[in-house]
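Undergrad: Below, each chain spelled out in residue letters.
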Amino acid sequence: MTFAPDLVRGNLAGMILSVLAHQGETYGYEIARALAEASEGRFRPGQGTLYPSLHDLEEAGQVSARWAKVGGRRRKYYRLTSAGRRTLAARRAEWKEFAGFVGTVLDPGHG
Amino acid sequence: MTIDEYLERLTAGLDADPLRRDEIRLEVHGHLRERVEELAADGAERAAAETRAMEEFGPPEEYARALSGPHRMPTWLRMDRHVARLGWCYVGYAIIGILVLTAFAILNREIPVAGVSATDHGSGVALIGAAAIVLYLVVGMALVRRRPWARRLALAAVLLHIGMFPIGTALGLYALWVLLHPTVRRRMARAG
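Protein chains in written order, with our numbering: chain R, 1 to 111; chain Z, 1 to 192.
Wrong hints could be hidden among the right ones.
Unchecked claim - Distance ranges between label pairs, derived from CB positions:
#1 R:Ala21 with Z:Met164: 37 to 43 angstroms
#2 Z:Arg52 with R:Arg74: 20 to 26 angstroms
#3 R:Ala21 with Z:Thr102: 40 to 46 angstroms
#4 Z:Leu99 with R:Glu37: 53 to 59 angstroms
#5 R:Glu94 with Z:Trp149: 15 to 21 angstroms
#6 Z:Glu61 with R:Glu37: 27 to 33 angstroms
#7 R:Arg74 with Z:Ile106: 51 to 57 angstroms
As the list claims (entries may be wrong) - Residues of chain R placed beyond 10 angstroms of chain Z at every Cβ, according to the derived structure:
#8 Ala4
#9 Val19
#10 Ala21
#11 His22
#12 Gln23
#13 Ala38
#14 Ser39
#15 Ser64
#16 Ala99
#17 Gly100
#18 Val102
#19 Thr104
#20 Val105
#21 Leu106
Simulated from the structure, these hints should not be mistaken for lab results.
We put the beta carbon where it would ideally sit given N, CA and C, even for glycine.
Okay, chain R solo, but in the shape it has when bound:
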């Protein structure tokens, strides 16, 4: 079962920042793999539109990007900027609060 597209789309940018924080400089396919692995195969790049999010983050200065040739292939590598690091901290805090709130409302027995 895959995740609801809205859930993924709303949180994808934050998740990408988190993957970049853990992996350092990497490219789109590896980010997609990391997300698929973390979701046990339930994340699909087309679902949350991975590349649009990466381009948005690049445009907003949250990640920097460079093209490199590796093994005869041109790849676009992304890296977290210091602004991206701060955004990630803010998104984590926001998500924690929000998840707590949703959990309390949806599953009051376990709140």
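With chain R's structure known, arrange chain Z on it following the hints.
TA: Same frame as chain R, now just chain Z:
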């Protein structure tokens, strides 16, 4: 549909300049190729692997829309871009301040302020002007770097220049719109 046909459909729907379109095509092509290779290494036939890779990516037209749409960016990210822009505006405003201060110093050998001759207070006014310029530079760079304390400092700076029509007023109104936006308030409070 082959991967080339998929990429043709994707790029045909993109609302982007040719250079950016080529970059997106190259990036998506690389992704699909790696996915096909991974699936083929797991034992899938090439044609089946290609079909699956494209299915996972989603319909090309939908993807092109997501890449080109004017409202594709989430609010928090859009506002974050405004914070950076505002930062550069402050840097620009400080540079204008430096030029004005220098021009007055050279042309008049004194620095008038608010219609009052500054002959006796020239150095004092210059000091205040220089302090304001330093403040705008600090605010600008702090906003560009999204420092959590930058928001409060920028709001204080607004009080200094919002009355200076037209540039100071325009910058002040833009700053208020950005800094008082709920998303920016929330985000900068949390980043601290």
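Undergrad: Hints numbered earlier in the text: which of these fail when held up against the supplied structure?
TA: Violated: none.
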